[in-house]
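S.K.: With the hints as your guide, set chain V onto chain C.
There are 2 protein chains.
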Amino acid sequence: MPDKIYRINMTDLKVTNEEVPEQWKGLGGRGLTSTIVAQEVKPTCHPLGKYNKLVFAPGLLSGTTCANSGRLSAGAKSPLTGGIKECNAGGTAAANFARLGIKVLIIDGLPEKDTFYSLKVDKNGVTIKEETELGGKGNYEVVKNLTEKLGKKIGIISMGPVGEMRLAAANISVRTRDDYIRSLGRGGLGAVMGSKKIKYITIDDSDTPGVPIADPKKFKAAGKIFAKALAEHPVSGGALKNYGTDVLVNILNEAGGLPTKNFRYGKFAGHEKISGETMHDTIAGRSGKVSHGCHTGCVIQCSQVYNDKDQKYMTSGFEYETIWAFGADCCIDDLDVIAQADHLMDDIGVDSIETGVMIGVAMEAGIIPFGDGQGMLGLLKEIGSGTPLGRILGCGAAAVGKAYGITRVPVVKNQGIPAYDPRSVKGIGITYATSPMGADHTAGYTIATNILKVGGFVDPLKKEGQIELSRNLQIATAFIDSTGLCIFVAFPIIDIPAGFTAMVDMVNARFGISLTADDITKLGKQILRTEHEFNLAAGFTNKNDRLPEFFEDPVLPHNAVWDFTDEEIDSFWNF
Amino acid sequence: MPDKIYRINMTDLKVTNEEVPEQWKGLGGRGLTSTIVAQEVKPTCHPLGKYNKLVFAPGLLSGTTCANSGRLSAGAKSPLTGGIKECNAGGTAAANFARLGIKVLIIDGLPEKDTFYSLKVDKNGVTIKEETELGGKGNYEVVKNLTEKLGKKIGIISMGPVGEMRLAAANISVRTRDDYIRSLGRGGLGAVMGSKKIKYITIDDSDTPGVPIADPKKFKAAGKIFAKALAEHPVSGGALKNYGTDVLVNILNEAGGLPTKNFRYGKFAGHEKISGETMHDTIAGRSGKVSHGCHTGCVIQCSQVYNDKDQKYMTSGFEYETIWAFGADCCIDDLDVIAQADHLMDDIGVDSIETGVMIGVAMEAGIIPFGDGQGMLGLLKEIGSGTPLGRILGCGAAAVGKAYGITRVPVVKNQGIPAYDPRSVKGIGITYATSPMGADHTAGYTIATNILKVGGFVDPLKKEGQIELSRNLQIATAFIDSTGLCIFVAFPIIDIPAGFTAMVDMVNARFGISLTADDITKLGKQILRTEHEFNLAAGFTNKNDRLPEFFEDPVLPHNAVWDFTDEEIDSFWNF
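Chains as they are written, first to last, in this note's numbering: chain C, 130 to 704; chain V, 130 to 704.
FYI, nobody ran anything at the bench for these hints, they're computed from the structure.
Errors might be hidden in some of the hints.
To be verified - Okay, the calculated bits of chain V under chain C, using three or more residues with CB under 8 Å as the criterion:
1) 164-176
2) 291-299
3) 318-330
4) 402-408
5) 526-532
6) 656-670
The beta-carbon is built from N, C-alpha and C at its ideal position, and this holds for glycine as well.
Bound conformation, chain C alone (with noise of 0.2 Å):
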């Protein structure tokens, strides 16, 4: 049975579904997203209007053995940043896409009722119903009462109160296998879907024949290497298993570039309160665990359970780049507080990076002060509520900043910037200047090469090597996101050769197929490509390539600025 792709037109409410055309069949994940985005979405349309798609798809390994290849990707023209949009997530809802032999979903139009729907997939297809009782809730309520009713197989997408306001900074949430939640985070994905009224999606994989694999005996060798070199890489065999992403606290604040008090200075006096090695120990003593992976299959097992002081689970999932952002960036040296705010986030459905910065910029504007963690927790609440201080806050770091009249407002194409100051890990600016998703670390993580001396070394305060290390970075993370495999997979193939042709043997033994290391180079690149385009051709420009002005500043302790000429940051694009 070959793989289909489902379309849910909400304007009449009616699903078809198509074999993949010859050009889509070699793409998954990000690299069908963005490509069915390109292609089908009036670059122009607003993003909540009906000319937007969303658009969700598996990657290319999803649903089967391989480990850590259960992302899933979700694209669209954003609502935040205007231009194209992917993100991807772990949960179990790109396995069970693939396992129901669905390559892709894709959802257009506006319903004109104003109610809300679900849409049910399973092994007959895709139905729409409309939901009268799960409107207005948070997700963690949404997942449990699914979850009760459909059993602890079904996979879940929703999205929150957040999304269901088409509020700029709106994520969407997947289900994992064990009712946690993990977020399709950036650009505000949530907001489409909050326009088109979708609540939820079920997925039920019962009854499907599995993932076929072309070359079985190829696939099981090579995932026996992939595994292997996962497991022995220091980073993604060591560091992120026992301290998560929050390993970074201490690394990126020795190392001068943890942005703080809104990206003033590059060092936290607080920050040994919210590390990795805290945050371990603090989840040791509280019967949480200090590894756990955000989907069937990971062995790398980034992700935990933090439980509250009476051991009672609080949040999973808990990533460096939000305790950096409510951390760091807001003066806020308090796990326990940054853990509510990230419960919180995940059940009213916002982005916590986004929603980190933005808090940082409403203290910024004396909305709070900084260091105010109660503050901070209302401010989540009045986003939840819709209040009109909510709403602007849930449109992000760039929204509040405009508001309140400020300046110091640390976005590219309206985004967020992530936890990496600029002036200090320069590769990382590069990343965020150029990225067509807007400041965006995971598009182009040269904290690799630039703080943890993966694939070599790149002084982050010099600007020598850094566009070139971006592109790679960025090139070939384009690939991986199209694989269905989590980002943290980089570290090892870089290293690590027979890990990387591992990789490829995957791909090429699932579909019978004989990609090269230069055609994953070339689709990284085709992808990147599309997305530039689609980008340009909705209005941007290369003047949405750079850092926003008060980066000239020069921030401790280097004194590094943002000193990279418009001619450099444009040469990214030759390639």
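M.R.: Frame of chain C; chain V shown alone:
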């Protein structure tokens, strides 16, 4: 004594003056502000940051005896559109500047100290002072306070609380000789003044010799012909004097081009209650002034003094666009309520067109119901108080659309579309789409030819001839906006050849030069191109020259749609 340029640096609080460079000598008003902004402001800068400049310039004929020459231009990079901006308004300031020999005031930098400042401009130059008394006060109080202190002849430019908050719909007020307020309205230049913390500027032209005229005899003769043309034309000499610009309510309603209920319909059932005829009778019955000039030397007298039922002053400069926005667009058919709104907006310092369009969007979002006049006044008070809701509203129509996740938002380049439906008056749609100023009817007022049959007739419902019409008017307007003349002189100079010649003769006689009609077209084109190029350098593309997608839907009574192709719109720039 040759004219001078004054530069006010708000970073180091220093004032310098310099001679006018050769290339700026033939420029005034908009021609000068746009040239300076284009030459001196970094196009990609933050509009509220240190790199933006706020420029005030009287027109080429300001301060002379020429009729209707009292308009003052202000220019900057706009916080609302992100592009170049010029506004002009009446009041006494333009003539005051001209008589002081000040060709332009260029304000740059940002003060570090958290306090307001004032600028005192007189025969001794410009003095910067800290202002501790009037911060937070409304424009009416500022004008009253300063007039009491400094006398009736003083020119005053001030910003209200909305400018202090640096919100994107903030305007700048200019005192009239009778203590009323005229507005440099559109594009949020009040927020730029707020960023530079200048609460007000006083201009005292005592003991100045007046404006030198190179050929007084020729000037006087031409002035007479010009004034006669203004008086004789049926629009400038009749309709406007009797009914104000509000005469257009019935005319546009009849034409089916009066945008109603947030641009849903082209006719408003309550049009009679808000018409110019009704306003005339209301004013007459309450001992107001049916006719009134916004500046000395105005012979058109389209302004008025509108009193309440107790014959107490409510507002003046009560324009059609304001009355349309709060009236038809918000479905409020009570002229007294709209007059209250007008007074309040002048006082807090917010653009009445942007704000009216914004209220329509706020009603669309369900914040208050359509037609709710008291609710509307409540929202305006929120803006003045700077509540979170007020801050959203004070950032204009597009900001409300974003905070409430709605798509029916009538803006171009983020600026609210004024009082003429672009589907049923297609020429003005081309002006909205292409003007470097964002949606702005004054930039190329095709209503003249589409509706009023001035300068011939181009059928408003057909595409033919609209691009040329808008182009010719935008070019001519760029010149008129440079003279200090009110845009309404366009009616007689289009229809009465001697009026046009007289205008050119006055400029020539003032400076001892010999401009031809061709030179004027050339200058108009040059100004438009300069503005367009600034926007392109700021990151605009032809995608910014588009109307919102909801204008694809037909509007009654003509079932007209916006049907220009992208190529047709882009051909505007072929000159």
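S.K.: Go check the region 402-408 of chain V versus chain C for me, would you? Three or more residues, Cβ under 8 Å, otherwise it fails.
M.R.: violated (count 0)
S.K.: Cut-off 8 Å, C-beta pairs, minimum 3 residues; does the coverage of the region 318-330 of chain V by chain C stand?
M.R.: It holds: at least three residues are needed, and the region 318-330 of chain V offers 3 whose Cβ sits within less than 8 Å of chain C.
S.K.: Using C-beta distances, would you say chain C covers the region 291-299 of chain V, given that this needs three or more residues below 8 Å?
M.R.: With 4 residues close enough to chain C, the hint holds.
S.K.: Would you say the region 526-532 of chain V counts as covered by chain C, given the rule of at least 3 residues with C-beta under 8 Å?
M.R.: holds (count 3)
S.K.: Three or more residues of the region 656-670 of chain V near chain C by CB distance under 8 Å?
M.R.: holds (count 5)
S.K.: Residue count check for the region 164-176 of chain V against chain C: does it reach three with CB-CB under 8 Å?
M.R.: Satisfied; 4 residues make the cut.
Of the numbered hints given earlier, the model fails hint 4 alone.
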